[in-house]
Amino acid sequence: MYELTDIKEAIDELIDLILESQEETEQLAKYD
Amino acid sequence: MELTKLQNSKDDTNKKVFQRLLRYHLKAKFDLLEGTIYSIKQVLHKIALFKQIELSQKEINFLLEEKHLEKDGSIKVKKINIYLVRNIKFTIGMIEKILHCTLDGKRMYEPGWINLEEVKEIRNRITHPKKIADLIINKEEIEKITDVLAWCTFFIDKIIDILRDTTI
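Chains as they are written, first to last, in the numbering used here: chain A, 1 to 32; chain B, 1001 to 1168.
No false leads were slipped in.
Which chain B residues face chain A? A few, computed with CB under 7 Å, are given here: (1) Glu1002; (2) Leu1003; (3) Tyr1024; (4) His1025; (5) Ala1028; (6) Lys1029; (7) Leu1032; (8) Thr1036; (9) Ile1047; (10) Leu1049; (11) Phe1050; (12) Ile1160; (13) Ile1168.
Here are the computed distance ranges between Cβ atoms for each label pair: (14) B/Glu1066 to A/Glu20: 21 to 27 Å; (15) A/Thr5 to B/Ser1009: 47 to 53 Å; (16) A/Gln27 to B/His1128: 21 to 27 Å; (17) A/Asp12 to B/Arg1107: 23 to 29 Å; (18) B/Lys1015 to A/Glu20: 29 to 35 Å.
None of these hints come from the bench; they were simulated from the model. We put the beta carbon where it would ideally sit given N, CA and C, even for glycine.
Given the sequences, and given the hints that come with them, work out the whole structure.
Structural data, given as C-alpha cells:
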C-alpha cells in the first residue's frame, strides 16, 4: 500500500518529467 | 528560426531543413504523448490503490499496460500494445473515475483529435521508411500534423493542470 507522501511525490515527479520533456520537444521545432 | 518560418521559405535548403525538423518534432511529440499517457496511468493506479477505488482486473491490466495470466495458468508479466486513440479514451475514462474530473469536451474533438490516428500512421511511415519518398511530408499532411501537434500540446497541458489540481 502507498503512503500519501508516495502519491504526492509520484505526481510531482510526473509533472516535472512532462514539463522537462515538453521543453525539449519544443526546442526541436526551432532552428538556429 | 521557427518551423513556420522555414515552411514558408522559398529557399531549397530551408525546405529540406523544415522537412527534417518536422520529422524530428513529430516523432518527439508522439513519444511525449505516449510517455505522458503511460506515466499518468501508472500514477492513476497508485492513486486508485491509495484511495481504495475498486478497479476491474481489465482496468488494472490496461492501466499498467501489462497482463499477468497466461493461457496455461502460469503467471508471467507481458507488455500489451494498445491503439493510441483507444488508449487516450481509456485514460480519460480512468481520470474521470479516479480523479473525478473531466477534460474540456469541445477541444477534445477539434481537427487534431480527428486526425490523430492518420498522423500516427505518418509518424510510423517516417520512422520506418521503405523508400526515400516515405520521408517526404506533403502539404496536406503538414496541415494535419500542425493540427495534431497543437492538439497534443493542449492535451498534455490539460494533463499537467489535472495533476496540479489533484487533491488526495
